[in-house]
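Peer 1: These protein sequence lines map, in sequence, to chains H and E.
According to this note's numbering, numbering within the first sequence proceeds without interruption in unit steps and concludes at 125.
According to this note's numbering, numbering within the second sequence proceeds without interruption in unit steps and concludes at 125.
It is possible that part of the hints are untrue.
What the hints assert, rightly or not - In silico DSS-like pairs for lysine-lysine, Cα to Cα no more than 25 angstroms straight-line:
hint	chain 1	residue 1	chain 2	residue 2
1	H	Lys71	E	Lys122
2	E	Lys122	E	Lys111
3	H	Lys71	E	Lys111
4	H	Lys122	H	Lys111
5	E	Lys71	H	Lys122
6	E	Lys71	H	Lys111
Quick caveat, the hints were computed from the structure, so don't treat them as lab data.
Protein chains: 2
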Amino acid sequence: MTARRSQSYACPIRDVLDRVGDAWSVLVILELSRGPCRFNALQRVINGISARMLSVTLRHLERDGLVSRKVLDSSPPQVEYALTDTGRSLNEAMGQLAQWAEANQPAIRKSRATYDAGMEKAAG
Amino acid sequence: MTARRSQSYACPIRDVLDRVGDAWSVLVILELSRGPCRFNALQRVINGISARMLSVTLRHLERDGLVSRKVLDSSPPQVEYALTDTGRSLNEAMGQLAQWAEANQPAIRKSRATYDAGMEKAAG
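With the hints as constraints, model all of the structure from the sequences given.
Peer 2: Structure below.
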């Protein structure tokens with residue numbers, strides 16, 4: 002009974018964590034929540050992401066139906082990315098977690114420092 | 002300006018994603034949200050987790066101050082794990098995301114299938 006109980010939530014959550022567990026995906030979604038954005042502009046605002054990693058991340062998000070891709074009629078041709086409705090709803094769902102993260106970051110850092118100090122003491 | 006804007010949310014979110022991005026941590030938190038649990042019982046209900054991985058996961062959660070560890074006065078001695086107040090609040094914040102995951106899983110799967118079919122067609 003308990004095993005089945007676990008299985009029932011493991012599956013969809015893991016599926017989503019493929020994306021939400023990937024910090025680059027989260028940052029791309031957050032950035033696109035401000036509005037559609039071109040590849041180069043995305044790379045500029047997301048610190049430390051390589052062109053290759055951004056390209057892979059966008060492809061995953063597009064595959065999941067979270068991000069749409071539009072080739073602009075410009076010269077040279079440029080590609081604009083935007084959140085889909087599903088992507089927007091994920092961004093909203095992530096909001097609560099982001100607020101939690103912001104609010105609890107000091108407590109987590111403090112706990113880690115205390116824990117590590119205890120470990121050092123035990124080892125020393 | 003935009004670069005700084007990105008940095009300001011990247012930091013706490015990444016910090017939390019260390020835990021939330023790890024499916025095992027999420028499953029342990031969800032399981033402990035039902036009440037305190039011993040190591041062996043946790044391993045039994047979380048499908049596929051090895052004793053080593055559960056031990057590492059619990060240590061990380063304890064270090065972050067999300068899970069508490071109590072050695073029970075039993076023979077042989079047993080250890081009981083429970084969510085702390087911070088852990089409970091994280092579980093609540095994850096709730097919205099879990100609901101989203103559950104609700105949107107069919108759409109994501111469908112989108113992936115459509116995307117993959119398009120890729121195959123393009124390659125073929």
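Peer 1: If a hint holds in the structure, say so; if it doesn't, say that too.
Peer 2: Now for the hints, and whether the structure bears them out:
1. Using a Cα cut-off of 25 angstroms, the hinted pair Lys71 (chain H) and Lys122 (chain E) holds, with the two alpha carbons roughly 19 angstroms apart.
2. Taking the CA atoms of Lys122 (chain E) and Lys111 (chain E), the gap is near 17 angstroms; set against the 25 angstroms cutoff, the hint holds.
3. With a CA separation close to 20 angstroms, the supplied pair Lys71 (chain H) and Lys111 (chain E) stays within the 25 angstroms bound.
4. Among the hinted pairs, Lys122 (chain H) with Lys111 (chain H) is consistent with the structure: their alpha-carbon atoms are about 17 angstroms apart, no more than 25 angstroms.
5. This hinted pair checks out: Lys71 (chain E) and Lys122 (chain H) have alpha carbons roughly 19 angstroms apart, not beyond 25 angstroms.
6. A hinted pair counts as satisfied when its Cα atoms are at most 25 angstroms apart, and Lys71 (chain E) with Lys111 (chain H) qualifies at roughly 20 angstroms.
Comparing the model with each earlier hint shows no violations; every hint is respected.
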